[in-house]
Amino acid sequence: MALLEVKNLGISFGGLRAVDDFNLTIEQGELYGLIGPNGAGKTTIFNLLTGVYKPTDGYIMLDGENITGKKTTEINRHGIARTFQNIRLFSELSVLDNVKVGLHNHYPYSALTGILRLPKYFRVEKEMNEKAMELLKVFGLDKEADYKASNLPYGQQRKLEIARALATGPKLLLLDEPAAGMNPNETQELMKTIRFVRDEFHMTILLIEHDMKLVSGICERLTVLNFGQVLTEGETTAVLHDPKVIAAYLGE
Amino acid sequence: MKTRNLSKLTKSNFITYGIVIAAYIIVEIFLRAGMVSSLLEGLLVPLCMYVILAVSLNLTVGISGELSLGHAGFMCVGAFSSAIFSKCMETVLPVAGIRFFLAILIGTAFAALFGVLIGIPVLRLKGDYLAIVTLAFGEIIKNVVNVVFLGRDSRGFHISTKDSISLGLEKGGEVIIKGPQGITGTPKDSTFLIGVILILITLFVVINLINSRTGRAIMAIRDNRIAAESVGISVTKYKLLAFSVSAALAGTAGVLYAHNLSTLTALPKNFGYNMSITILVFVVLGGIGNIRGSVIAAVVLTLLPELLRSLNDYRMLIYAIILIVTMIFTSSPGGREIQERIKLFFKKKKTKEA
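Chains as they are written, first to last, in this note's numbering: chain C, 1318 to 1569; chain V, 50 to 403.
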């Protein structure tokens, strides 16, 4: 059974059909790419998958559960975590606290326990700190744990966003243009990180990207979107040589 | 790395508690020595009340990031609910300590309840809209209290919005709330010591809440609502929690206020818009999100008009100038630069000494 199965997904904003008859199947452990020209509806699909928008048609199945029309918070609990095209960190919180917010639902204690500083508070906070530091170490951010998130350089902010998303313990990770604004060296490093995340956490990853080097370098399969509809899908190399894709998106 | 950070945080919190306790001891010494004017002495309980209000509003404005202009309304709820309780229980529970303790719990609980009830519809709004609606709710609470007549006799409680005669009380019944004349004869249970203890409890609640899982969630929502939802944080739940805790603590301040005066009336001066703005001024000048700053700002700005009393006509002028200078100093780029320089100066001194 596929991890993610999307059937006939569609959404209209007034008269605009932003996404129409969108189908997608992703297997467990796959690194999947979603590409297409600007305004094709890629981020809209992410917003549909994470419950920011409610689809007008179709359904979304995650690991055998129907998550269509659920709220963002519920969908996260079901196992989809994401990063954003324009970085959205908790800018006033420390790097460590950003990850700890991601761990929120996995290390519960009540507000009263926190206020009264019961023994459970100290125990759970310690576990949280250890887990968060472990994650930060993976992304080489452990030395910056005390920094304010907004003081991190751009590349590290992107990494912190991925770390925070992983902290929620997802089954599927959505990355929205992870390489945007990065120089070639940073992109190279990011590719390594994404691969590492997939292998180390046995993660399934769906990413939107314009950087063709990154896409052809790490994605195993691709879906090309154009005007809200699937143009083509399949193995990366085959898709990138498809004349339809070259005409619509890549250029001669 | 982390342990250093944590100890630094606890240290900073202990400094805040320490300041309050030290201030209490100093004032108490001056009181014993008879060096405090009666005017200033009368200001001590209101001072505690203002500190509690400022700290609690900082939870809404600074930590939760919602501009609320109705804080005085929750204070009003706390004041009246506790005053009704105290007045009814005065004969039943003659021990002032226990009665006042229960009154505090009741005032706080009622204010929390109103915080939840008002929070549910209001927190759907953001920014200026939220400010306007909270302002309206604050005024509604005050005005409703102003028209209510409440009486008690052997048959129980009677309520009316007309006058005390229409309550139809039996002989021997007493009127508790006399509409715009409010509640008279509330036992004067508030003392400076209780005020300081309540400040410490407020600080304990707010500081510990901020530095817990719950506080992180609240601040995460403030910093980026969409991202907070994407990592599975329930926005409504945590916003409401912060709002009602803040309201509850305002209620506590209201209890202190109600039991400091023999007559409790809901005037624009004490529970109206002016009060809400005054509290907001403390929060803004103390630094939004800065708990210790709120405490200091509330104390300084309450005492300042009194200390300047000898200047008569120029009093409010100087007060205004101090407010403006403080704002420029803390918020403008130039002011910040001066602050940095001062900090650097002290740092250099320290390293030289070491």
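Please note that a few of the clues may not be correct.
[To be verified] Each computed BS3-like pair below joins lysine-lysine, with the alpha-carbon atoms no more than 27 Å apart:
1) Lys1488(C) x Lys60(V)
2) Lys1460(C) x Lys211(V)
3) Lys1371(C) x Lys60(V)
4) Lys1437(C) x Lys1454(C)
5) Lys1454(C) x Lys1443(C)
6) Lys1460(C) x Lys397(V)
7) Lys1387(C) x Lys175(V)
These aren't lab readings, by the way, just hints derived from the structure by calculation.
These numbers were taken from a predicted model, which means no experiment stands behind them.
| request: Assess, step by step, whether the Cα of Lys1460(C) is no farther than 27 Å from the Cα of Lys397(V), and give holds or violated. | output: holds, 26 Å
| field | Pair hint Lys1371(C) and Lys60(V), alpha-carbon separation not exceeding 27 Å | value | violated, 47 Å
| field | Pair hint Lys1387(C) and Lys175(V), alpha-carbon separation not exceeding 27 Å | value | Holds, at roughly 23 Å.
| message | Given the hinted pair Lys1454(C) and Lys1443(C), is their Cα-Cα distance within 27 Å? | response | holds, 16 Å
| message | Checking one constraint from the list: CA of Lys1488(C) to CA of Lys60(V), max 27 Å. Satisfied? | response | This hinted pair is violated, its Cα atoms lying about 40 Å apart.
| Given the proposed pairing of Lys1437(C) with Lys1454(C), does the C-alpha separation stay at or below 27 Å? | Holds: Lys1437(C) and Lys1454(C) sit about 26 Å apart, inside 27 Å.
| message | For a C-alpha distance cap of 27 Å, please report whether Lys1460(C) and Lys211(V) respect it. | response | Distance ~68 Å between Lys1460(C) and Lys211(V) Cα, so the pair is violated.
When held up to the earlier numbered hints, the structure conflicts with 1, 2, 3 and fits the remainder.
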